[in-house]
Amino acid sequence: MTEPLISLRHLSKHFTMDRDLLGRTTSVLKAVDDLSLDIFPGETFGLVGESGCGKTTVGKLLVDLYTPTAGEIVYGGVDLAKLRPQERRRYCRDIQLIFQDPYASLNPRMPVGDIIAEPIRVNRLQPAEKIDDRVGYLLNAVGLSANYRNRFPHEFSGGQRQRVGIARALAMEPKLIVCDEPVSALDVSIQAQVLNLLDDLSEEFGLTYLFIAHGLNVVKHISDRVGVMYLGKLVEVAPKRELYSNPLHPYTKALLSAIPVTNPALRTERILLEGDVTSPIDPKPGCRFASRCYAKSDCVGCDCDVEMPPLREVSPGHLVACYLHPGD
Amino acid sequence: MSEWNQSSVDEVPMRGSESQKADETFAMGIALPDGEIPVYEHDETLHDKPENQWLEMWRSLRANRAALVSLVFITALVVIAVIGPYITPYNPIETEMSNALKPPSAEHWFGTDQLGMDIFSRVIAGTRVSLTVGLLAVSIALTTGIILGAIAGYAGGWVDTVIMRLMDMMLAVPSILLAITLMAALGKGIDKAVIAIGLVSIPEYARIVRGNILSIKENDYIAAAHVVGLSDARIIFRHVLPNALSVIIVRATLGISSAILDTAALGFLGLGVQPPQPEWGDMLGRARGFIFQAPHTLLYPGMAITATVLAFNLLGDGLRDALDPRARIK
Numbered sequence: 001m002t003e004p005l006i007s008l009r010h011l012s013k014h015f016t017m018d019r020d021l022l023g024r025t026t027s028v029l030k031a032v033d034d035l036s037l038d039i040f041p042g043e044t045f046g047l048v049g050e051s052g053c054g055k056t057t058v059g060k061l062l063v064d065l066y067t068p069t070a071g072e073i074v075y076g077g078v079d080l081a082k083l084r085p086q087e088r089r090r091y092c093r094d095i096q097l098i099f100q101d102p103y104a105s106l107n108p109r110m111p112v113g114d115i116i117a118e119p120i121r122v123n124r125l126q127p128a129e130k131i132d133d134r135v136g137y138l139l140n141a142v143g144l145s146a147n148y149r150n151r152f153p154h155e156f157s158g159g160q161r162q163r164v165g166i167a168r169a170l171a172m173e174p175k176l177i178v179c180d181e182p183v184s185a186l187d188v189s190i191q192a193q194v195l196n197l198l199d200d201l202s203e204e205f206g207l208t209y210l211f212i213a214h215g216l217n218v219v220k221h222i223s224d225r226v227g228v229m230y231l232g233k234l235v236e237v238a239p240k241r242e243l244y245s246n247p248l249h250p251y252t253k254a255l256l257s258a259i260p261v262t263n264p265a266l267r268t269e270r271i272l273l274e275g276d277v278t279s280p281i282d283p284k285p286g287c288r289f290a291s292r293c294y295a296k297s298d299c300v301g302c303d304c305d306v307e308m309p310p311l312r313e314v315s316p317g318h319l320v321a322c323y324l325h326p327g328d
Numbered sequence: 329m330s331e332w333n334q335s336s337v338d339e340v341p342m343r344g345s346e347s348q349k350a351d352e353t354f355a356m357g358i359a360l361p362d363g364e365i366p367v368y369e370h371d372e373t374l375h376d377k378p379e380n381q382w383l384e385m386w387r388s389l390r391a392n393r394a395a396l397v398s399l400v401f402i403t404a405l406v407v408i409a410v411i412g413p414y415i416t417p418y419n420p421i422e423t424e425m426s427n428a429l430k431p432p433s434a435e436h437w438f439g440t441d442q443l444g445m446d447i448f449s450r451v452i453a454g455t456r457v458s459l460t461v462g463l464l465a466v467s468i469a470l471t472t473g474i475i476l477g478a479i480a481g482y483a484g485g486w487v488d489t490v491i492m493r494l495m496d497m498m499l500a501v502p503s504i505l506l507a508i509t510l511m512a513a514l515g516k517g518i519d520k521a522v523i524a525i526g527l528v529s530i531p532e533y534a535r536i537v538r539g540n541i542l543s544i545k546e547n548d549y550i551a552a553a554h555v556v557g558l559s560d561a562r563i564i565f566r567h568v569l570p571n572a573l574s575v576i577i578v579r580a581t582l583g584i585s586s587a588i589l590d591t592a593a594l595g596f597l598g599l600g601v602q603p604p605q606p607e608w609g610d611m612l613g614r615a616r617g618f619i620f621q622a623p624h625t626l627l628y629p630g631m632a633i634t635a636t637v638l639a640f641n642l643l644g645d646g647l648r649d650a651l652d653p654r655a656r657i658k
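Protein sequence lines, in the order shown, are assigned to chains A and B. So in our numbering, the last one in the first sequence is 328, and the numbering has no gaps at all. So in our numbering, the last one in the second sequence is 658, and the numbering has no gaps at all.
This is chain B alone, in the form it adopts within the complex (with noise of 0.2 Å):
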């Protein structure tokens, strides 16, 4: 049985040369570089990268140019809604019944509604319910979602059972249902469309966390931190939840925009906002009967949604490759 130990001709310089070492690395059929271990001298080519994630993130969204125009639209929509009751040329809510359904001119830029109050000052008023509502449903949604489906993906077994099945029960109404079921029980009004709106998307980021938790989890880098002795609460935080983060956030960002649909169509169907306070799918509702006689009524509104949505979806669609350090944008 000696054929095993035999040495055979290897030409291949190797590490520790005498004939020993090369009869023990000769069965391994492969080349040992001589010499020591290559030693990764500093390239000076390969400068140290800035310590600032946060910098780097900013890079990256700037060369986006889409994300970009997004980001200082959505900043306009904040101050618009800081100091919008300031700014409009007329009183929102005062009406003027002999000047209703005038097309849009120099003295009412978007026209006025059947009421005869000035479509632009409506929209520009409106903007702060809009905005206020989606950020503070999606809030309410994105931290309760969050904290659900962790708990489910994390921990697994019974708990995951009862958390899921608590969910599914809940996608099983449309959500729009759900909310004017929840609106009813609540009563009229902007905070409980909050409440509601909030509520009927809790499960749709239990069920995206949850999902991504559980492919995350299943990665060696979880059972290496693990292995270096890290608590459950650390790994969820450091290690579990980055790795979630994009999808996490380019959900919440598009859940900004439906959640200011679903409270458009709240005040479509007179459940949230209440006359004469400006809402734009409130405004929307009011006018669908004049359609044809006035489109203005409709398009500006409209076209205020359209617009706050599509730039909550582009930015999102950014955050998304800034914060995935391998997708970034040189």
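Isolated chain A, as found in the complex (with noise of 0.2 Å):
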């Protein structure tokens, strides 16, 4: 198998919640669990879960926007995290982020061919006479004429911003983009566009993408591995044809059958989850699902409430962290 362009080792964030006189951290948001992910050069890896479960902090700590509480970020052969900021500035360059609100990410008194120009001139990618032609290229490239480029972000729609948030992230030729539910706040007609968009770009400028949403179906389209999150921790990995057609995980499960389907012969009953997502503050020892795992009591003997099970091969490329699948 070829190297991961990226690889998380059991990367933690956790943030203090409520300290005690003495200073002494007394309760802890645990965002992101002993996380353990490869990213493979050219692959789009789709990253899924509810709200809350720690995918957009993952995000995050891929383009420093948090520091990793524990764990390593491995990239070209060295630990993101234990950098120097400088040396880290360096690294970070090659992996982007495209946010999920197009209409907060993008400074609204600036021009938008100044949002796009600013990354290049600051980090001296090309030299001065050439950066407004570049712009204008990056323009095209994400479908916006390059005679747009003296307009204001509030000029423009919902998905024309969020090319714009794609052009001012190609600007850093990155290796890797982090999109974080980019078409979530877009009319579903948009979505299709952009995500089209976010199709073609990865050929063009051989892109690596680390796809976030909050559901399956977006994803099933972009992806070529899904992981699915919950509460902070992988519960599920795998290529995505294999994860549609064989999920594994009670929570994927029913994450699955919650996409419409179009067709009323196709329909199937639909996976009820009881309860509210278990809280990331303070978790209990145990499976992060078992409280609200319906398939619990058909593992008899299991440690569902005393340990939370290991990420486990169960077949080539499928890992799975339930005590139903113990794999090997």
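It should be emphasised that the hints constitute simulated quantities derived from the structure, not laboratory data. A virtual CB, placed ideally from N, CA and C, is assigned to each residue, including glycine. Certain hints may be false.
As the list claims (entries may be wrong) - Have a look at the derived ranges for each label pair, beta carbon to beta carbon:
(1) A:G23 x B:V575: 33 to 39 Å
(2) A:R89 x B:V490: 39 to 45 Å
(3) B:A391 x A:G52: 45 to 51 Å
(4) B:L597 x A:R124: 54 to 60 Å
(5) A:T26 x B:S559: 35 to 41 Å
(6) B:V397 x A:G52: 50 to 56 Å
(7) B:V397 x A:D133: 44 to 50 Å
(8) B:S559 x A:E173: 18 to 24 Å
(9) A:E173 x B:W486: 55 to 61 Å
(10) B:P502 x A:D79: 41 to 47 Å
(11) B:A635 x A:E173: 54 to 60 Å
(12) A:D187 x B:S559: 32 to 38 Å
(13) B:L494 x A:R89: 31 to 37 Å
Relying on the hints, combine the two individually framed chains into one complex.
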């Protein structure tokens, strides 16, 4: 197998919620907890999970907006978390982020041409006289006219703004782009356009994507492999076809059953999860999904309430963290 | 478990029409446009916008009548402040007791005061003091306030706590009282009045700037600026402050008017400009005993203060709109 482009190894990000009088931490939110993941060059890795499961935190850890509590982010043979800020900046240039909200992610007082030119200028990616051409080229690459460069963000629609955000990320000539729910703020018809654009760009610019989404439907279109997250943990990772045809984790099954099916003949029973998402603050030992798991009673003698099951490979490339599928 | 990869009826035309693609896309439940991504051709009706931001701003300001009138008025005030001493019909500090408290007439347009000095000449001569004090005091307060507020808001943590508690301490004392205390320590005189007024209004600016920066800092475009590797200084000056600019400018223009009022108040209390040098507030203060016998002695300096303050406020409003690309009058 090829070398992964980037490896997350036992990555954790904990937020302190409360301290006692002596400043000792008494309550911790485990947004990402001991997560390991490889992303290979050229692939699109879909990361799904419901709100609050930590998927955005993973994205922000990758682009250095958060510092990991523990674990490593290995890129180009070095652990980004251990680098000094100056060096880290050089590596982080290769990892860019596309934001969820196209209305908040563009500076309202900057013409879009400047928004795209600034990263090029500041990082000296192009000689000064070529910046203008580059901006025009990038605008065209994301399907906007180069004549729009002097317009302000508020003069664009949501889909067009998202294209500007994509152009800004491309300006950095990245290897990996973290797409943080890039289409969930857009109209359904525009979603498809932006997804197709991302698809085309990955070929044109040789990009690798970490595509974060809250549902499996969007991810199904664009991903090569899919990881399912639940409360800071990866519960299942598999190639797309495998995951959609043979989901193993009870949570993945529930997510898949929630995708609307257009053909009434194909509709199946929806798996409804009982109860609320368990709080990621001071999680109890045991499987994170145990309190909502409908399959728990099938697993006689399992340690569901004692220890989180490890992520194990059950078939080539298909990993699942569930005692029902011990693997090997 | 094969339900999930079975294709469904789907009459929507799709990109990459092989059934495999269709299979993958159907699950999205959304229609994909056929053909390539729509290319946004150059729309002839949407011409390029002029490059010059200042030109755009000027156009918008010109369209706002109140702001334009205020701008003209303030320009006139500046001209008067510069050439004022040379165009007064009488010497503004020459007393003529036999001619005291005369109502407005052809010789004395605004009448004369209790010492027989020509009020019109004094109002004109006082413009220079009021404007200078207003601008200087605001410059002191604004620069210090922006720097302190920006550091506090952007850095956060203990830096924020130290700076803002200091500001709170200053705000706890009424500003005019603090200014009087400072004047008592520094001594009388207009230069000291400028410093006192400037210093006591720092907390207002620091608070406004900090508050704005706290809210702006949470925006995704600031995170985006971090991701593309911009330095903190560049983020503050290119992304945070421009977005706080409208509030700062409006506050500054309002600040000029309140500094003018404060100077007037200090003058009224006899702490600012020393007689016989003309100053609007001082004129009000000294004439207040004659309000019933000779109301014109208060009316004209009072009107000068009011008109100047109003003009700065209206200009501030206009500037706020002109500086905001979204609110620009087209």
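Structure-based check of each hint:
no. : hint                        : result
1   : A:G23 x B:V575: 33 to 39 Å  : 36 Å, holds
2   : A:R89 x B:V490: 39 to 45 Å  : 29 Å, violated
3   : B:A391 x A:G52: 45 to 51 Å  : 48 Å, holds
4   : B:L597 x A:R124: 54 to 60 Å : 59 Å, holds
5   : A:T26 x B:S559: 35 to 41 Å  : 36 Å, holds
6   : B:V397 x A:G52: 50 to 56 Å  : 55 Å, holds
7   : B:V397 x A:D133: 44 to 50 Å : 46 Å, holds
8   : B:S559 x A:E173: 18 to 24 Å : 20 Å, holds
9   : A:E173 x B:W486: 55 to 61 Å : 39 Å, violated
10  : B:P502 x A:D79: 41 to 47 Å  : 57 Å, violated
11  : B:A635 x A:E173: 54 to 60 Å : 58 Å, holds
12  : A:D187 x B:S559: 32 to 38 Å : 37 Å, holds
13  : B:L494 x A:R89: 31 to 37 Å  : 34 Å, holds
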